[in-house]
Amino acid sequence: MSMFKDIPVEVGVIYEGERIRRNDMQVELGGPTVQQKFELAKVKPLDQIEDGKVTIIGPDLKDLKEGGVYPFGILIEAAGEKLDAGLEGVIERRIHGYLNYIEGFMHLNQRYDIWIRIGKKSFQKGLNNFEAIGKVLYRLFKNELPIIEKLQVTFITDPAKLDQLTPEAIQAYETRDAKARGLKDSEVDTFYGCALCQSFAPSHVCVITPQRYSNCGAISWFDGKASASIDPKGPVFAIQRGDMINEEKGEFSGINDAARQRSMGEVNQIWLYTAFDHPHTSCGCFEAVTFYIPEVDGMGVVQRNFKGATVNGLPFSTLADSAAGGRQIDGFHGMSIEYMRSTKFFAADGGWNRIVWVPKEIKEKVKEFIPKDLVDKVATEDDAKNIDELKAFLKAKNHPVVAKWTDEEPIAETAAVTINEDAAGTMMPVATAGSLPLMAGGFKIILKDAKIYANKVIIQTVKDNKDKR
Amino acid sequence: MTKNVHVKIDEMKTNVGLIKNLELSIGKVVNDNYTEPMGPTPMPSVTALRDWDMKLLAKYKAFYMPDCDSCCLCTFGKCDLTAGKRGACGLDIRAQSSRIVMIACAIGSACHSAHSRHLVHHLIEKYGRKFPLDIGGLNIKVEAPVTRLVTGIKPETLGDLDDVLAYVEEQITQVLAVAHTGQEASALDFESKAMHVGMCDHVGMEVGDIAQISALGYPKADPEAPLVKLGIGSVERSKPVIMCIGHNVVPSVGIIDYAKETKVDDNLEVVGLCCTSHDMTRYYHRARIVGPISWELRFIRAGLADVVVLDEQCVRTDVAEEAAKVNAPVIAASEKNCVGFKNRTNDDTNAIVDDLVSGKVKGVLILDPEKVGEVAVRVAQAVAPVRKRKTILPTPEEIVTIAKTCTQCKLCQRNCPQDFAIPPAMKAAATGDISLLTDLYEVCIGCGKCEGACPQKIMIHSLIVKAGEKAMYAEDNLCRVGRGAIQDTEIRNVGSPIVLGEIPGIVALVGCSNYPKGGKDVYEIAREFASRRYIVVLSGCSAMSAGSYRNAEGQTIWEEFPGGFEAGGVCNVGSCVANSHIAGAAIKVANIFAKRNLRGNYEEIADYIHNRLGAVGLAWGAYSQKAAAIGAGFWRLGVPVIIGPHGSKYRRVLLGRKEDPQNWEVLDARTGETVNVGPTPEHLFNIAETKEECIVAIAKLCMRPNDTWKGRSIKLSHYVDLSKRYLGVMPDDLHLFVRTMADVPSTMKDEFTKILAEKNWKETIIPDPTLLPRMVRKMKE
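Chains as they are written, first to last, in the numbering used here: chain A, 1 to 469; chain B, 1 to 781.
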């Protein structure tokens, strides 16, 4: 590895999955037993950065006791003509990957939660100073992110300095998050599209806006901005927002044009903030799927790892299949969990006012983003296991959707029919009405002394026409 | 599907209406919840996918290595086919070689399908045609991807599997007919038919496995399926031992059920060899897996089996003679393997037991699995105290005496398929040093051919086993019970990491145990790729071999890595027939991510898999016709397969020509333009001579034309690193795999830049790749 020939250990992506056990570690930096720890990226003016400088505040690696656990901080300061503070998060998240490239270096988590171990073997090979680690970071950052013109790295092991810097770092994350979540689609003129998924779902294109993460949950608008500026020919590309055609639904001329072009005309119109009519397409690896529940005129959400059936009797695998493959399916929508934290989360459909059922695992995750008066009104699997229980729950809690219910509730009674089959007379149920919504309403069918003969009957599941507004 | 339905309703009141005295007679009810539109090739005939095969065969040319230069299949011959000569029927050596490949694939496919047919018959008889299929509960929506893809049928009950098998059986007959003298003339057409019958093989396997998973209550696509004991040392030798050999679990189920019913299961060891053992542990977690086929002789000769029960496939045909030497009665339990024994199926159980216990007969044929169960359990209990683990292994002193009779003629080594240095080991043993024999134990595949060759009639294999006894009894390891299919949700979970390159590929280690240097290679290969966060899938003998070794912390591979279909996961799908789930997982990727229809839509899905899914099969110890058939099924899907050194005896490989640019042209489905995507994947079927070569080949064969730049850069990192580490060289073909500079691993930019400049490399694009002109999308107005 000529790029790292002065580094005493190897550096490469193949070391990414490396785990270092306690017995094999030289030192542990940060980790669950240490309070003061962080890693932070800051964008600074060009004249404030000394390119390539590595600073160590406190004892160096070789002066830390073998087997010891120490508080630790990493500060990356970058500058560049095209860099702005919005990209700090993107830069910061690269630290994890880059440090793991180092042989015998384990890095877990991010921000104020970092947990690092340096292996004995690598230490003995000469990885006994932060200077070398700083060089690796510096070279990888400069190589992979050419928009960084200058970069300096600081490692902090001095406890007093960490006492001072850790709260500052936490403050910086909070400010950054608040700013990122506060950024509105209407405030930017560029969105990003991601065609990475096209390698498996050729007709899917993700639109990433400040208020809508990629479906997979892996790419924010800031990530998109960084990727597109680093590699304009790459799979993440800028979409000029264009005219706002429909503010409520989230329709923008630039998105429509990009969708038309990228999908070869399959998708011509996208409404960002709704699951109906022209929803965003769904790929295959979305984190969660939203599904319309016609019986209550509300929407449920289920995430990928949810075991068992959702409130409408269908598991994630079936619901996901209804949405997936780069299609626009009315009433079904694959999305990221992060989107649930956005103020534009299905805003056109009523947002959280329309969400009636969410597994408790995600409800817990996004709780602080659910309007306070609604938190207890959204059912989880503990509250409702089927539509009847859901109706009862929503009614009891007076969920906003209840107000829209009319007196005529859809009929879904189960007709228990048994069939005599073959000479042997084995009994088997043929139809469960739960999966066969009856379309008739307002009239009765009376069959008396009827005999029907058929050579072949095809029974198909019929999708009901829902009233979605 | 339901036939001859008759409904009678005297009175029914519902909210919708009132029904009185309704009678309904229906010839056939097609429960068509399967709303997917039918594709172009449901139940394809032998030629329906010929065009697709020819595309693959043009890209990956058959290279023939005739294992035999003549043909002796008809009485026109025997015909010498060397030096361009044709046989009396006009066939040349290329066509003859491919004909033998096709016959092997047909035999393999017939074997699995007949096994599945027996299972389906038996399970229908026991549980009824209406017994529902359930292979993964709510986490699996596509329950039979291969069946859906090939036949267009969505099976829901055991009875539905009948129609599926009927299709497979017809195709095997058609293909076998082609082998007759004076039929097919072209090597390419023989190849196409080999692929056809290989494709059918996966359908046959899938039918068998989903039937037994559903009816016998196996783990249902469970990544956390339990760990069970593996290895000779795990067998409790103080208890009577029933040893089941083969692939069809039905007689073993009879044994286990009877032992449980009579409450002797805790005082009895039921152990299995070969795939039967996988399926036994899927049914009964207290069963033991002894090991792959190569463990048959050592287990019997060591006297460990009190009763030997034979079902079908990969059963040594000299088991009866071997068992007789240690006074172990044999029960043949399969119509396919009657061993010349008298059929006692309808005889009184007590009489059969008496005859076997007294030694009046050495073995019996019993075709009723429940009767097998009772006889085996009772005989084992009665025989064990009398046999007292009678062995024919020599004592340490005898080893020396016997070794002294060796004349060093070296015929043993010449006859050894691995060319192991037996004569020096005998020479040392004659002086009292058995260490070289002990070393041989670790690598010997137990075929026993050395003994047949020895003019002194030395039981060489027994000497090796005795010398390795300590290691043999230390074989106390673990195997994860076969999980069955891969969940749809697991596939969704890996979508993003595969796209983003975090999972560099899927490696399936399958097949038999004809290993060049023992099973440790399989363990090391599996571990290497799991550690690099590839998805590793195993089955059959490979799953056993991989579980037979431990890491520095004392963990087997099944403890070290999670059992899910995930980055760094190591899955055991199960027995031979469970290999269909590996193809099934690949097929489901197309359905799940691209929403491509599966139903009768083979060509489109194969095109998708071939161009997008970085999966590689490795059959390191493949020996059987079944392995050939499984391989052929993967070729037709466009999934590359690597075989170990013995694989050359399959007579031909399918090699891409990486130096020929035209070989690597695909269409960009977005524009219709032709794009050269480089040799991705380079071969469809190739041989690796060594573990090192194999590891590097796997990493290289994981590249696909659709790789994102991130994915390609990570795949290249592994390829380069493994090549340097195992072969000590920088690969010389890197320029063929770089499309844009973003593909270059960031830590190797300097090296790559230099190489690319030397090779006069030019940037190209990442297309939406397809080999099918009809897949090129048109702009919709």
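Just so you know, these hints were derived from the structure itself, not from any lab.
Treat the hints with care, since some could be wrong.
[To be verified] In silico BS3-like cross-links for lysine-lysine, where the CA-CA straight-line distance does not exceed 27 Å:
1) A:Lys5 <-> A:Lys142
2) B:Lys390 <-> B:Lys449
3) A:Lys53 <-> A:Lys142
4) B:Lys724 <-> A:Lys42
5) A:Lys5 <-> B:Lys724
6) B:Lys724 <-> A:Lys150
7) A:Lys360 <-> A:Lys404
8) A:Lys5 <-> B:Lys759
9) B:Lys390 <-> A:Lys5
[Said to hold, decoys possible] According to the in silico footprint, chain A covers these stretches of chain B (three or more CB under 8 Å from chain A):
10) 115 to 127
11) 529 to 539
12) 714 to 723
13) 746 to 759
14) 774 to 780
Where a beta carbon is used, it is the ideal one built from N, C-alpha and C, also for glycine.
Evaluation of the provided hints:
{"no.": "1", "hint": "A:Lys5 <-> A:Lys142", "result": "holds, 17 Å"}
{"no.": "2", "hint": "B:Lys390 <-> B:Lys449", "result": "holds, 23 Å"}
{"no.": "3", "hint": "A:Lys53 <-> A:Lys142", "result": "holds, 13 Å"}
{"no.": "4", "hint": "B:Lys724 <-> A:Lys42", "result": "violated, 38 Å"}
{"no.": "5", "hint": "A:Lys5 <-> B:Lys724", "result": "holds, 16 Å"}
{"no.": "6", "hint": "B:Lys724 <-> A:Lys150", "result": "violated, 34 Å"}
{"no.": "7", "hint": "A:Lys360 <-> A:Lys404", "result": "holds, 25 Å"}
{"no.": "8", "hint": "A:Lys5 <-> B:Lys759", "result": "holds, 24 Å"}
{"no.": "9", "hint": "B:Lys390 <-> A:Lys5", "result": "violated, 64 Å"}
{"no.": "10", "hint": "115 to 127", "result": "violated (count 0)"}
{"no.": "11", "hint": "529 to 539", "result": "holds (count 3)"}
{"no.": "12", "hint": "714 to 723", "result": "holds (count 4)"}
{"no.": "13", "hint": "746 to 759", "result": "holds (count 6)"}
{"no.": "14", "hint": "774 to 780", "result": "holds (count 4)"}
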